[in-house]
Every structure is written in structure tokens, then in C-alpha cells.
Amino acid sequence: MKTNDKQNSPLKSLLEKKYKSGFLGRGEKVIPILLFLMAAVSVMTTAGIVITLIVETFTFFKEISLTEFLTAKEWYPFSESAASYGILPLFVGTLKITLIASLTAVPIGLAVAIYLSEYAPETVRKLMKPVLEVLAGVPTIVYGFFALTFVTPMLRTMFPSLEMFNAISPGIVVGMMIIPMIVSLSEDALSSVPDSMRHGALALGATKWEMTWRVAFPAALSGITASIVLAISRAIGETMIVSIAGGSTPTASLDLTASLQTMTSYIVQVSTGDAGFGTTIYYSIYAVGFTLFLFTLAMNMLAQRISRRFREEY
Amino acid sequence: MALVAFKKQPDKTSKQPSVERRSVYTTKDCNLWYGNHHALKNINLDMKEREVTAIIGPSGCGKSTYIKTLNRMVDLVPNVKTSGVIEYRGRNIFNKEFHVEELRTRVGMVFQKPNPFPKSIFENIAFGLRIHGIKNKKIIHETVEKSLRQAAIWDEVKDRIHEPAYGLSGGQQQRLCIARCLALEPDVLLMDEPTSALDPVSTLKVEELIRDLKEKYSIIIVTHNMQQASRISDKTAFFLNGEVVEYDDTYTIFNNPADNRTEDYITGRFG
Amino acid sequence: MENAQKSIRTDEMIKKIPVRLLKNKLYKGLFFFAAVFTFVLLVVLLARIFSQGAAHLSWDFLQNFASRRPEQAGIKAAVIGTLWMMAVVVPVSLLLGVGTAIYLEEYAKQNRITRLIQMNISNLAGVPSVVFGLLGLTIFVRVLFLGNSVLAAGLTMSLLILPVIIVASQEAVRAVPKELREASYGLGATKWQTILRVVLPSALAGILTGSILAFSRAIGETAPLVVIGIPAFVAFLPKSVFDPFTALPMQIYNWTSRPQEEFHFLAAAGIIVLLVILILMNSVAVWIRNRYEKKY
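Chains as they are written, first to last, in the numbering used here: chain B, 1 to 314; chain E, 1 to 271; chain L, 1 to 296.
Don't take every hint at face value.
As the list claims (entries may be wrong) - With a straight-line Cα cutoff of 20 Å, these simulated DMTMM-like cross-link-like pairs (lysine to aspartate or glutamate) come out: (1) Lys208(B) <-> Asp75(E); (2) Lys119(E) <-> Glu142(E); (3) Lys81(E) <-> Glu122(B); (4) Lys15(L) <-> Asp187(E); (5) Lys119(E) <-> Glu163(E); (6) Lys135(E) <-> Asp11(L); (7) Lys41(E) <-> Asp29(E); (8) Lys205(E) <-> Glu145(E); (9) Lys137(E) <-> Glu12(L); (10) Lys25(L) <-> Glu102(E); (11) Lys25(L) <-> Glu122(B); (12) Lys28(E) <-> Glu87(E); (13) Lys113(E) <-> Glu207(E).
Hints in this document: simulated from the structure, not taken from any laboratory.
Please take these sequences and the hints and turn them into a complete structure.
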């Protein structure tokens, strides 16, 4: 029959030859190794980041003591005579921006997430999805431009004492930038709460708000928390908005209306300036970058921890 | 009147009603569409208080849709349209002034799959009271215990009442959900295939519970299990393709049905 | 008696319903307002940029190099530079990203190394872009002597978007039905043949959708370019990947950080060009998604 024909077909014998010569087999063995090497690139990237940061930071600490870095209250790297490298002012700057950004983004982001997952009709949801996608896709340089040329002047007409560079305007705009992240991750967390729970609450005569507040929200809480932690980590690492609209005055003061500097915007300031390779200032950006890296890494791992617990619940 | 009924419970197969019972639900020419799908067709039913009314029929016959219409949970499905009247104690439930929240406070519902909240056993029961603005701790404690006792689960959970409800077995979870409804002291209990996800032993316990509960509550139960309907119900409605084929005393439906289709279904010729 | 007691409580509960409904309405209004606010934010952002930049958009603007005189300045070098950079980013990140995804989904055993790679990818995704800039500055610019070239920037950006491409490709590969693979094995195909001819073609749409979104991130990303020292004022075009160049976001950043308002208008015009490119790329991604989404 036909199968018999095939058994002796020239094609079959050709294939057999190929198998015997190892034509197919060799590729099959090489390819997984090749792919593994590609996968290793991502690990090497992390290793590269960590090693780069550690080595250059180490060079920095040969000149500046770790104690000074952690305890000095001033950051004056550009002073010829009395340079001081205390991370505190940059840390305070980052903290101020992050705080304002969270105060803007968390309430709005959660409100939108709850609206979309619990209240919104299909049409509104379909409209809001691209809106959030576009907001998330707008490059931070654009947000920075918006902060400097629109938000700051607008705030200054309302509060004349506000300086040209301040913490409030970039803080709010960083908040704007992380809203989509909070919305989409929190909405995911809310929509993974089974509907049967919502029905259970509604069938007891709960209003939608009571159902949301007492059942859906607590059930999604760890996912929501993770989304906030991730968003805050993004705010800490945000660079361009702060560089453009926040100024470059490292200060430990808690004043929100005056120019400030964050860890990220210091790195940008040095990079755009003319501090030569090999100077203490050059190495200082690695020390600052390493600090930044540790903070964001800790936040990300915390978020993963929280959301892993969340996944185990259902 | 309540006391009379309480003492003189009619046997489930008894054909003569001992007292005159008022209607809890009167359905008049009720139709329902999911989009273009005509799911309920001209339903006319009159359900009495403190009876167990069973709704049977093959899957897709509209029995689940109907029971979800009774507390308007069906509103949650997008593109639902209804016509006709369903009166609960003489009030049309489709009337705008009749808030669904009030209806659902008076009418409890138990679902196919147990759906406890991800909270402690105690908080599951207290949930209904809390949303209704009851803050008095003593009342809440008493009600939680009373409801759990009524649902015959108190002895099993009394030592771990503050532990998560998810730690309970499926059957216990379902009785917890029943207790959760009872905490609001509803007038009617709607049960949508409450034992379909349970093992035989748990099913038996829930059935016993239903028999106890009908002394105080009117119970409407959807079931795909005909033995269950015959064991626990006073009245039975047979649904087919969105219509009520026959509605009568359970005894009559199972022993002397008027419609051939009912007989075919009861004897297992289809469905 | 019990009945009497009961009805009092139920009635009390019923009485509170209107207040509870009002509360529900208030919250709903508040949440709706937040959604409207977010929508308005986007509209204001876009309207503001278009109103500032539209007047400066012209053929000359696209044709001219950067200049100290705002009326003569253009973004030719920036646009072409961005294209050069993407000519590095697209092949490098796609090859590495898809390769990694295939390794993880098709070959990797469930062991510690695999878990390490997987965990590493999700942590890498959270590293701030400015830190990638520091990596690029050390490794590509200094150690490999690439300077502020197209290649240095392109490689840095490739590593930055790699996690996004890997995750998107993993999802796409995972979504390929088992039956397709089994059919291929059933015909005697080897594993790699199956991957190359069955799995990858079916996963292509998903891979492309995710990758295009990652590419648009690389186009708009500024901080790493600043850190590796990409200049903003360039009056020539790169001839190879080893040449210095400038990119769109660098040019926009440069104009934005100048105090004169005329340069801000130029920045806005540059942003419009940037946004148009991003919107075009996103539309392609959406088009691919819609076209191939419901294949199975």
C-alpha cells in the first residue's frame, strides 16, 4: 500500500542518510547551547550593572569615606576647596519628589482602577484603556517639558512664592506618569477577585461601594499594594522630569517650593557637565547610582514578595 | 398564625394544606431576554410562604435564570431585558422605588458553589450586619452564634471562629454561606443548586438543614437532582426551554404529572 | 414574638438603605471624576504641546540641522540618529529577547539556574534607566572604547528593553497550543524544526506587538543617552555605527533646558515629531494585535 511505497521512497532514504550523518542531530545539540548563551546575556547584564557599580563605587570610597557619604549633611561636589559628599540632600530630594508623586498618583490611580473594574460601563472602559496606554507610553522627556513649561507656570500664578524650579511641579508630573501603572496593575488585582465573591456580597443587600470596600478591595489588597510599591520604585528612579523641572540644588531642607536635586538628577547634572573621567565627581555618580539601584531593587523585591503571596490566595 | 404553622408542619407529601398560606412570590407573565436570547417565556407562578418550592428541569431550561431574577441578581448580566411582573409580598420587584438592596436584604441567596469571603468565619457572618450599619458588638456576637447554630455548623466551628473561612470543607463552607444569609433573618431563601458542588454526606446535611429551616423561612430551591426535589420540597415547578411546563404539589408532579414532558423528564427519558 | 422582634430589625435596616445608596453614589461620582481627570490630563498634555509646537513644524524643521538660531534649527540629525540607533536596537534586542524566551519556554529545565534567570529578568525590568546609562558608560563607552557612538547607545538601549521583549515573547510562545507542537512532532520534526517552523510563526504576532511597544520605549528614553554622553548639538549624520550621533529625545532635552522660550517651542515641535513616530508604531502594534489575536 501507500505506506509501503513511502518506506522505500527516495525521500525516506535521503532523510535516513541525513540522520545518520548527524545533519539534523548536530543542530539540535548546538541550538540549546546558543539559546542558553542568549539567556545568559540578561544575567550578565545584571552582573554587569552590579559589578560596574561596585567597582566604580569602590574607587569613589577610596577617596571619600563611607562615613562621610552616609553621615555628612551636605552635597557640594563642585566646590574646589571644601567639597562635601553627604548623600542626605540627594536622598531628601528624591524623597520629596517620591512623596508628592505618591500623594498624587495613589488616590487617583486607585480611584480610576476601582471605577474601571467595578463601576464603569463597557464603553467607558474601552475609552479609558487607550487613554491610559498613551499616558504610559509618553516618554518622560515629554512629561518633563510639560512640568517645566505648563505645570510650573500654572502653579506659580496660583502660588507666587513658588520658585521656577521646585519639588511640587515635577512631583505632581512624576505622579501623572505613574498613574497608568497603578491603574493597570491594581485593576488586574481587582479583576482577579472571583465574581462569585462579589455576588455573595451583593446578594446580601450590599451596595456596590460596600461590596468593593469590604470584599473586592481587601481581597485584592496585596496586588494593589504591590502595584503601589512598584510605582513608587519607578518614581524614585525617574530622571528626566526631575532634571528638567526640579533644578540642581542639593538641599536637605524639606521646603517644597525651592529648587532641589535628586539622586537621578545629580547623575544627569554630572553627565551633562564637564567633569572629566577619573575625577572624584565622575566616580560619585556611581556611588549615587549604586544607592539608587539598591533602593529600587529593594522596592521591586518587596513588590514581588507581596504579589506572590497574593497569587497563593486563590 | 406563625405559631400555628410552626407547630403543625405538614408532612412533605401531605396534599392538604393545614393553614392558608400567603404568597411570597407571584410571577405574572414574566419574560426575560439575554440580548436576543429569549430565556424566560411567560412565566406564571405563585409561591407560598414557609414552603419549599423546588424548580427542576434540564440544564439551560431557565431555572437558574428565574431564581436569579427573584432577587434581581440577573441584573448583573449585561444586556438583560425583562417584562411582566414579579410581586414579592405584593410589591413589584421591578418597580424603581423597590431598591434591590432592600429586596436582597429580605431575600437571601445561596449559590451553586460555596462563596465565602476571604475573611474569618466570624466576619463572614457579621458581614451582612456590618453593611447594614449594625455596630452593636453584642448584637453582632449573638447573631453570629445564632446563625451558625441555625445552620447546624456551630459545633464544628465554635473553636475556630476567627480563623479563615477558606479552611473549612466544601460542605461546611456552604452551610457557612447559608448562615451568612440567616444572619439578616431574611423572609425567603433562594438556593441555586446549593448541593451540586458537594459530596453526598455534605449534601445530606444541607438537605436536613433545609427541612429544618422551612419552619421559619420560605425556600425556593433550584436543583438538577430530582430525588432531592422529591425529598425536600412541597411544591415543584418543572421548567423546559424557558417555560413552566407544570407547577403543582411535589407529590403530584412525581406521581401523577399532568404533562407528558414532565413525566418523560421525571422518568429520566431526557435531561 | 420572634416575628415581631425580627421585623423591627429588618425594617431598621431597610430604613438605612437610602443613605447607603447615597454614599455609593458619592463614591461612584468621585471615582468617575478621577477617570475624567486622568482623561483631561492627557488632553491638556497633548493640546499644550501641539499648540506650542505646531507653528514651528515645517519641512525646514525636519530638513535642518541643529542651530544656535531657533528659526533655523531643525531635527534632521536627531531623527536620522534615532533611526541609526534603532537599526542597532531592533536586531540585537529581538535576537536576544526571542532567543531567551525560546530557551526559557522550550528548553530550560525547572532548576535553580532557570529560576535565577527568570527572577533576574523581572528584577532587571525594575532597574531605573539611568542606571543602565551607567552600565553603558562603563562597559560600552569606556571598556569597549565605543565612545558616544550609535553602537554604544544602541547596545545600552537593547539591554534596557530586553526584559520587556523577553516577557512579551515568553507569553506569546506560551500561548501557542500544544496540539500544534504535537502535530509537528508527530510528523517526525525535530524540536528545533518545530520551534522554527511551527512555534515561532504562530507566536510572531504576539512577539511583534510586545516588541514594538518596547522599541517605542527605546525611542523615547532619554536618561541613558544623557549618561553615556550622547551630544545634543550635532551638525552631521553618522556614516557607520561607530560614529557619534544625536537622538530625538536628546535634542528635545537640549532645547527644553535652554532658558529662551523660542527653544521651548522648538522642543514642543520636536516632541510632536517624537509622538507622531510613537503613535505610528503603536498603531502598527495594535493593528497586528487585532489582526492576529483571535487565531485560536
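Hints, verified against the model:
1. Proposed proximity of Lys208(B) and Asp75(E) is supported: the alpha carbons are some 13 Å apart, at most 20 Å.
2. Between the alpha carbons of Lys119(E) and Glu142(E) the distance comes to roughly 19 Å, so the proposed pair stays at or under 20 Å and holds.
3. Between the alpha carbons of Lys81(E) and Glu122(B) the distance comes to roughly 17 Å, so the proposed pair stays at or under 20 Å and holds.
4. With a CA separation close to 17 Å, the supplied pair Lys15(L) and Asp187(E) stays within the 20 Å bound.
5. Of the supplied pair hints, the one linking Lys119(E) and Glu163(E) holds, its CA atoms being roughly 8 Å apart against a limit of 20 Å.
6. Under the criterion of a C-alpha separation no larger than 20 Å, the hint pairing Lys135(E) with Asp11(L) is consistent with the structure, at around 16 Å.
7. Under the criterion of a C-alpha separation no larger than 20 Å, the hint pairing Lys41(E) with Asp29(E) is consistent with the structure, at around 8 Å.
8. For the hint pairing Lys205(E) with Glu145(E), the CA-to-CA distance comes to about 19 Å; that is within 20 Å, so the pair holds.
9. Of the pairs offered as hints, the one joining Lys137(E) and Glu12(L) holds, with about 17 Å between alpha carbons and a cut-off of 20 Å not exceeded.
10. At most 20 Å may separate the alpha-carbon atoms for a hinted pair to count; Lys25(L) and Glu102(E) meet this at roughly 17 Å.
11. A threshold of 20 Å between alpha carbons decides the hint, and for Lys25(L) with Glu122(B) the separation of about 19 Å falls inside it, so the pair holds.
12. Of the supplied pair hints, the one linking Lys28(E) and Glu87(E) holds, its CA atoms being roughly 8 Å apart against a limit of 20 Å.
13. Between Lys113(E) and Glu207(E) the alpha-carbon distance is near 16 Å, which keeps this suggested pair within the 20 Å criterion.
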